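First to last, the protein sequences are chains A and B.
Here the numbering used here is used: the first residue of the first sequence is 1, the next is one more, and so on.
Here the numbering used here is used: the first residue of the second sequence is 1001, the next is one more, and so on.
Just so you know, these hints were derived from the structure itself, not from any lab.
Since this is a predicted model, take the numbers as computed values, not measurements.
One or more of the hints may lead you astray.
[Stated by the list, open to error] So, partial list: chain A residues that the calculated Cβ filter (under 10 Å) puts toward chain B:
#1 Arg77
#2 Gln82
#3 Asp166
#4 Arg170
#5 Ile188
Just so you know, even glycine gets a beta-carbon here, dropped at the ideal spot from N, CA and C.
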Amino acid sequence: MKFQGTDTYVATRDLTLAVNAAIALQRPLLIKGEPGTGKTLLAEEVARALGTPLFQWHIKSTTKAQQGLYEYDAVSRLRDSQLGDPRVEDIGHYIVHGVLWQAFECDEPSVVLIDEIDKADIEFPNDLLRELDRMEFHCYELHRTIKARHRPLIVITSNNEKELPDAFLRRCFFHYIKFPDKETMQRIVAVHFPVLKHELLKEALEVFFDLRDVPGLKKKPSTSELIDWLKLLLAEDIPPEALRAKEAKDAIPPLHGALLKNEQDVHLFERLAFMARRKQP
Amino acid sequence: MLVDFFLYLKARQLPVSTNELLALLEALEARLVSGSLDDFYLLSRAILVKDEALYDRFDRAFGEYFRGIEALPGLEPLVPEEWLELAARRHLSEADRLKLQKLSYEKIFEQLKERLAEQKERHSGGSKWIGTAGTSPYGHGGYNPEGVRIGGESVGNRTAIKVWDQREFRNLDDTVDLGVRNIKVALRRLRRFARKGAATELDLDGTIAGTARNGGWLDLHLRPERHNAVKVLLFLDIGGSMDDHIQACEELFSAARAEFKHLEHFYFHNCVYEGVWQDNRRRHGEKLSTWDVIHTYGPDYKLVIVGDASMSPYEIARPGGSVEHWNEEAGAVWLERLLTTWPRAAWLNPLAEAHWTYTPSIQMIEQLLGKRMFPLTIDGLERAMRSLSK
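Next up, chain A with everything else stripped away, as it sits in the complex (with noise of 0.2 Å):
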């Protein structure tokens, strides 16, 4: 099993050596990096890549590991045995499986996503050590050890909200996904639209990344930013000469509500724009 990258998604070599280790050795993967750089589809595309399920565990403030692994309900038992339901005998009607346990029973190999792990509680992965290294864990209610059957590529993405605790990290792989370069970049658009006019892709990416550079944005844009405002150049069906305008520097780019998010980056790009402007003869 070898990941390369799929044809809707552009890894490079970096990336695909980081999650073909993560394959080879069974260590979960870490991955980090600027909002919009395609932590969360990492784990999407390596599941279609590699043609396996993909479990989801996307993390809340309030998740608890053990949800991750099972959950008893106590509610409904506590209901069905006031109604006189027969299943209330058997305990294991009311064990909630979570995704690890899903993927642990699996018949084949999986993967599995556990998004924004540094969302939750700060003990939150320390709870999960011994689950994550040994790939099982016990349900006190069955008695019963749940063991992996083909130990799944698990790949966790954090937006360091917080820190992980060291004993964590020591047992994960890391990758940290830059900002593409323009290279990659065109790679990425290329994949994303492929009958794009070579012109006004050219254009696109010299005002995207002009934008990247404006000095004091709150918000830089990223790569998801810039393929939802190309979508929106096709669909206006904008010219690549508007996109030229900016060489006169007379204009800030159409659209630009699909790159800027904060309203006070506008005013200071606006600001900029109008400066620039005055400066020309």
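Go by the hints and put chain B onto chain A.
Showing chain B alone in chain A's frame:
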């Protein structure tokens, strides 16, 4: 195998563990990479480094180890970027070029080191200092047959022995970067969730579990509400020399506002005296007595003072030393009062830590605070929060 490399990384203060070395060896055994140093670099980085803030350190360590270049102690401090901004480009005639003597490799590094130590300001032109567009062997944009290029694009002469500017992850090193988001993350260290007080909230999980265990008989469980119990008083120095640090302070303030529910802020100028104010526009009209502040907030508050502490020593030590008004009591007396009221305190200084020793007033204040002064960087903030939560 690779043990030397591993120990070298360890010596360069990368937090690597034996487990990870074994994983790397395992990966090599599995033939994940085939002999290319680039691939080995990527693989070892994925396995050994777990934080993008450490990428830069790893890059340097890796480069040094595999290029067999001896470590150059003392060269780590970066040449400030502004020195290298391309200000002007001097045009050299052929005759000039010949005049430049060729320095040997060791000599260049040795001199570079010396000059880094000597030079304190940006330099452009000339033939000795590091800077732009000169004929000195150091810096960029100029011409010297055997120069070391530092920062900037090569102007085409291409005689630099070693290119220093490929460190693309430098920005992620946590001693440099500061932004609202990063500050918030750092401030979170101070979060203390607590369930205190009367049990008023229904503990649903406890009730359900208890009832189920009870065989269906209702068994109510209550618990106290959960809340962030940390209380913070923020004192901000404003005006004067603090104008250089407005952005950093703004970011800190907005992050702190979002992070702490119990946050009170006060402004002062240079040093805290008998009056502080909460709205800088009406600072002269609406002054609060510092005594009132001391009496209002209890000792469970944590005190954070932000200021560059750069002033005349008289402003701290003497009554009447303030630059703005006649103060009856010395600044040191007031600082002592604040510190006895709120023993858990920290001073955040936007000046770089390396410059502190040059200003007597900074040392005086550091002493008053018992060494609890921290630089306003992510690393400094984390140290401050750790010291506050002790």
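These are the hints, each one checked on the structure:
Interface hint status for arginine 77/A: upheld, as the beta-carbon distance to the closest one in chain B is roughly 7 Å, under 10 Å. Satisfaction of the interface hint for glutamine 82/A is found here, the shortest Cβ-Cβ separation to chain B being roughly 6 Å, below the 10 Å cut-off. Because the closest C-beta pair between aspartate 166/A and chain B is about 7 Å apart, less than 10 Å, the hint holds. Satisfaction of the interface hint for arginine 170/A is found here, the shortest Cβ-Cβ separation to chain B being roughly 5 Å, below the 10 Å cut-off.
Hint on isoleucine 188/A is violated. Least Cβ distance to chain B is approximately 19 Å, over the 10 Å limit.
When held up to the earlier numbered hints, the structure conflicts with hint 5 and nothing else.
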